[in-house]
Each structure stands twice: as structure tokens, then as C-alpha cells.
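Model the full assembly from the supplied sequences, consistent with the hints where possible.
Taken in order, these protein sequences are the chains called B and V.
If you're matching positions, the first sequence starts at 1 in the numbering used here and goes up one per residue.
If you're matching positions, the second sequence starts at 1 in the numbering used here and goes up one per residue.
Check the hints yourself; a few may be wrong.
One copy or any two copies: either way a pair holds, since identical chains are not told apart in the list.
[Unchecked claim] Okay, derived cross-link-like pairs now, SDA-like style, lysine to any residue, Cα gap no bigger than 20 angstroms in a straight line:
{"no.": "1", "residue 1": "Lys193", "residue 2": "Gly167"}
{"no.": "2", "residue 1": "Lys193", "residue 2": "Gly169"}
{"no.": "3", "residue 1": "Lys193", "residue 2": "Gln183"}
{"no.": "4", "residue 1": "Lys205", "residue 2": "Pro27"}
Hints in this document: simulated from the structure, not taken from any laboratory.
There are 2 protein chains.
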Amino acid sequence: MQIAIVLFDRFTGLDAVGPYETLGRLPDAETVFVAERTGPVRSDTGNLAITADKSLAEVPRPDVVVVPGGPGQTAQMENATLLDWLRTTDTTSAWTTSVCTGSLLLGAAGLLDGRRATSHWLALDVLKRFGAEPTGERVVFDGKYVTAAGVSSGIDMGLTLLGRIAGDGHAQAVQLLTEYDPQPPYDAGAPHKAPAHLVEEFRAKSRFLLA
Amino acid sequence: MQIAIVLFDRFTGLDAVGPYETLGRLPDAETVFVAERTGPVRSDTGNLAITADKSLAEVPRPDVVVVPGGPGQTAQMENATLLDWLRTTDTTSAWTTSVCTGSLLLGAAGLLDGRRATSHWLALDVLKRFGAEPTGERVVFDGKYVTAAGVSSGIDMGLTLLGRIAGDGHAQAVQLLTEYDPQPPYDAGAPHKAPAHLVEEFRAKSRFLLA
Chain B
1 MQIAIVLFDR FTGLDAVGPY ETLGRLPDAE TVFVAERTGP VRSDTGNLAI TADKSLAEVP
61 RPDVVVVPGG PGQTAQMENA TLLDWLRTTD TTSAWTTSVC TGSLLLGAAG LLDGRRATSH
121 WLALDVLKRF GAEPTGERVV FDGKYVTAAG VSSGIDMGLT LLGRIAGDGH AQAVQLLTEY
181 DPQPPYDAGA PHKAPAHLVE EFRAKSRFLL A
Chain V
1 MQIAIVLFDR FTGLDAVGPY ETLGRLPDAE TVFVAERTGP VRSDTGNLAI TADKSLAEVP
61 RPDVVVVPGG PGQTAQMENA TLLDWLRTTD TTSAWTTSVC TGSLLLGAAG LLDGRRATSH
121 WLALDVLKRF GAEPTGERVV FDGKYVTAAG VSSGIDMGLT LLGRIAGDGH AQAVQLLTEY
181 DPQPPYDAGA PHKAPAHLVE EFRAKSRFLL A
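In C-alpha cells:
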């Protein structure tokens, strides 16, 4: 099996590395970071660059497609090369997946019409533009389409999909080896749990960004 | 403030990217990936390469040092350039931190003698060689030394340290924006929770690797 993780300028680092570290431990699978052009691709902070080892054109038939999100997703909504690649690879993929606002790219490619899907909590409503039905769940399966909520949810998505493909035992082994026994120091990881003023502050900013 | 995240051949990706995505959101801070030489550094799977933007020599006085682990840590235990850099930067750092077996590198540099510390669950006992007192906790503070358990625990460490430095509100904002509301599909992320045969299998393998 081949797992292709897409990179683009100003992606969010953990969106891509969460699935890499979990799903990427699939036995006998090749994980490859891909982008429009090969070479280092900078994340949203500018401080992290991950190398795209292959171009999109060099990876025409991955078994699993993983699309991260990040502030750079907005510009990619107009990138015909990427959207065409998403549509083409989807015709043969076993699983087409996203983390965070990566689901908006799947939506823009026309792949989520009529499907249940999720995204970063700030972007959930935008899914409706593409005919998708947003849910508040952290990991959403609809047939072969798997979408995850914001940033860190790609770890949960990666483990869940790993279990579906390779069996529970293998996914549990990866959870044990990555010591994924989360103990967040706060309980503010979702809008219904976080301090209300923070939720309001980010909603106000995102109305501008996602308009 | 300057945060330096160390890279070396065969590091574990999430060890480095967890703190990057959380602690790296510290306001007015610069996060820089560093390695012995600049350029792409390959992770343990060979499929992920993160660019070291600066050499160790170019970053002599970071405020925060973050040392990831991974299978490549064993070879680094003999790397005098890295161990010297860890000792030197520690004389001026505000925080010296590690994720996973990165704590063994701090130990090998002589920085954990007499201190409470943690590491990947498979490597906890090795800490004793360096005079450290291993604990089973996920994130351990001992003065300015902060060590985290395996791989994914760097996210918890990053958020915890972010709260100490920038205040709870800022850390909660980062938790909300990274939607860190973990929902693992299994409860196998620690040796006392995982299926016993998996724990035994990995302990048997690690006795060889860590001997």
C-alpha cells in the first residue's frame, strides 16, 4: 500500500505529522510526502519545513490520500493542479482522508457532496458550501471518506483508520509505542469546553478569514 | 525568546512536532529546528525529512532547548558535538526539555544527575545510568528540566510549559486552536493499559535494543 500525505505552502505541521506517525506505521506500506513540486514545503509558522519527496504527478495512484489543513488551504482552493490530482487519485484510492481544513479541499474537489464530514471547529459551516453535512464528531467515516476535526485529531483519525486496515492489535501496538495516553493540562480542546471569551475571539477572527 | 528543537538522523517525527505545534506558539518567540549540519534530517521511518534551518553552532544561546528521541538517539549518545552543545546551552537556557528517549541524551550530557525525569516507557530504567530518578509520570518538571514520556507526550509537555511561560489563557487558546480534545479509539497508550502480550513483546525487543 502507498499512503500519500499532501503538503502545500502554509500547511499546519501536526495536521500532517499526526497521521504520518500513526497511519504511517501500517505494515508493508510506503508513506510519501507529496506536493506540487518536490523539495521543502514551509508550514504556517514558517519555522517548519517538511520535504516533499515526490511531486503529485509522480504519485498518481496512492491507496490512501491524506490532506492536511492550515492557513494555506485558502489559496489551494484555487489550485487546479491539486484539485485535479485529488479528483483523479480518488477514482482509485481505497481511502480519501483529511485533517482540519483539509476537508475543505476535498469539498472544493467535489468529493464530499452529500456526505457527512468534519473539519476544524471554526470551519465546520464552510463544508455546507460543498454539499457536505458537517458533524461535530472528531473523526467521521462516510464510506471511504474519512475526515478529522482540527489539527491534533489527525492522531485519532490515523489510529482509527490503522485499526480498520491492519486490525485492532496493530493499532493498539502503535498507540502503545507512541505512548498515546493523552493527559492535557487543561480541558479547553473543544469550543464547548474552552473559556467562552476565547471561542468568541476566534470566531470573530475566522469570520474575516473564512468569508 | 528563542526555542531550539534539535534534530538528528532517525529522530521520531511526532517527538519534535508535538512541542513545535504547542510550545512553538509562544508569543514573540522564534522557534528554530537545529542539527549538527543544516538541511533536511530524516526521521526513523525514512519517510519524513524536516529541515534544520540552523546548525547547532549558529544557535549558541536558546532560551528553550527541546530534544526529541527516536531510534537514532543511541548513536547520538556518542556524539560529542551534540552533547557539548547540550551542556553549553544548558548554562544559559531558561528551560532544558526532552521528549521520549531525548531524556537519555540529556542524561548522557550529565544534566539529569540527581533529578526526577521521565522517558519512553521502554527506556525508563536507562535513566538510572545517568543518576536520574525515573518516574512514571507523563510530564516531569524538576527545576528548569522538563522531560516528557514517549512520542505523543510532547504535546502535553508543550502545552504545560507554554502555560508556565505565557499563562494558562494562552495555553488554553493553543489547545482550542489545535482542537486538542483527544479521543483515542483504544485505551492502549500506556503499558498498564495495553494488552499484556504487546507490552511483553516490546519489552523483549527493547532489552536487545537498549542493552
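| query | Which hint numbers does the structure go against, in order from smallest to largest? | reply | Of the numbered hints, all hold.
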